[in-house]
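K.L.:
When we follow the numbering used here, the leftmost residue of the sequence shown carries the number 94, and every step to the right adds one.
None of these hints come from the bench; they were simulated from the model.
A portion of the hints provided could be inaccurate.
Unchecked claim - Label pairs and their calculated CB-CB ranges:
1. 136 to 198: 19 to 27 Å
2. 175 to 144: 31 to 39 Å
3. 148 to 185: 18 to 26 Å
Here a beta-carbon is modelled for each residue, glycine too, at the ideal position from N, C-alpha and C.
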Amino acid sequence: MAWGILIIAGLLEVGWAVGLKYTEGFTRLWPTIWTAVALVGSMALLGLAVRSLPLGTAYAVWTGIGTTGTAILGIILFDEPAGAFRLTCIALIVAGIIGLRLASTT
Numbered sequence: 094m095a096w097g098i099l100i101i102a103g104l105l106e107v108g109w110a111v112g113l114k115y116t117e118g119f120t121r122l123w124p125t126i127w128t129a130v131a132l133v134g135s136m137a138l139l140g141l142a143v144r145s146l147p148l149g150t151a152y153a154v155w156t157g158i159g160t161t162g163t164a165i166l167g168i169i170l171f172d173e174p175a176g177a178f179r180l181t182c183i184a185l186i187v188a189g190i191i192g193l194r195l196a197s198t199t
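Turn these sequences into a full structure, and let the hints steer you where they fit.
P.N.:
Below, the structure is given as structure tokens:
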């Protein structure tokens with residue numbers, strides 16, 4: 094259950110990170126509201142997950158999901174570069190997330 098909560102928290106982190114781009118410096122109301130809701134939801138779910146998961150593992154996975162998702166959406170939505178080196182680095186982050194999950198006893 095905690096891992097599922099942590100994954101949702103990570104996906105919400107992607108939502109608020111990408112949402113920052115759409116707020117245009119917090120000058121657009123609805124993107125700002127969505128970003129704030131996603132941020133609060135992400136933090137709340139991370140807080141729930143760390144009740145039963147080790148803090149270091151949970152935080153690393155949460156930020157890893159956020160980093161990976163944000164980088165991928167940056168490529169898709171904002172035409173950011175998608176070179177081989179960048180994609181390899183993203184794959185390494187994913188490998189780290191999987192490794193932390195496999196190393197976890199919870």
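K.L.:
Which hints from the list above does the structure break, by number from lowest to highest?
P.N.:
none
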